[in-house]
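*Asks:* Sequences listed follow chains A and B, in order.
Sequence positions in the first sequence follow the working numbering and run 1 to 158.
Sequence positions in the second sequence follow the working numbering and run 1 to 44.
Okay, the calculated beta carbon distance ranges per label pair:
#1 B:Gln32 <-> A:Phe32: 24 to 32 Å
#2 B:Lys43 <-> A:Glu141: 42 to 50 Å
#3 B:Trp37 <-> A:Leu138: 33 to 41 Å
#4 B:Arg14 <-> A:Ser61: 34 to 42 Å
#5 B:Asp9 <-> A:Ser111: 28 to 36 Å
#6 A:Phe32 <-> B:Ser4: 14 to 22 Å
#7 A:Asp112 <-> B:Arg34: 35 to 43 Å
#8 A:Thr9 <-> B:Ile6: 32 to 40 Å
#9 B:His7 <-> A:Lys104: 16 to 24 Å
#10 B:Lys2 <-> A:Lys25: 24 to 32 Å
#11 A:Lys54 <-> B:Arg34: 19 to 27 Å
Derived by calculation from the structure, the hints in this document are not laboratory data.
Note that the structure is predicted; figures quoted are calculated from it, not measured.
Even for Gly, the Cβ is constructed at its ideal location relative to N, Cα and C.
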Amino acid sequence: MLDTIIPYTTVEGFQYLIKFTEFNKSHLPQTFILPIVDITIEVMEIPNQINNGKTLFYFSSTIQKFLNENNAVLYLYCSNDPIIKNKSHQDISDAQFRSKLFCKMFEKQNSDSDFICENIIIKDPNNGDHHIHLISKLENEIEIKTIINDGLPYFENK
Amino acid sequence: MKTSTIHIDKPSDRLLDNLRNLRKAKEERKEQMRADWAKYFPKK
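Given only the sequences and the hints, what does the whole structure look like? Please build it.
*Replies:* And the structure:
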């Protein structure tokens, strides 16, 4: 199993846990070859300010390191938990802001590297849109397409 | 780095149901992480 938890304390003193949880293969279509790993980032106390660049860089580096050490597809579901947004993003949901922030930080750090990030946006008028990212090495692009085609969002992570 | 975006504008009821379950499972995982917090940040 690829499950692991990484604790991190920011320079401002906010504590985060970054958790990698492998999806149970018995619940997945047999067409999925690589392990699929959920990533959850949780903070004990919601920061009263926007995360600084150093914190975002740490998250991005942790994800990059995990993918360099494990041939897997990372699954990131952006939660709608409250997050401090800057003025220009007040009109979007917390999940969408989280998604944009993640894309920006990961792209910035990996602009020249061989990663693929597939963003999936699913409209849900009753509960707010769902924002999902699938991230892996570029060499796994076909696997990512298979996951999308065979319906990764259709199953539960149990 | 390669990025692309897929929009699913008319999801099936089944997809939305499963996403709600997935969101719930995620919330449960977060609750468990918070319950175990002291293991990773022991008080000095």
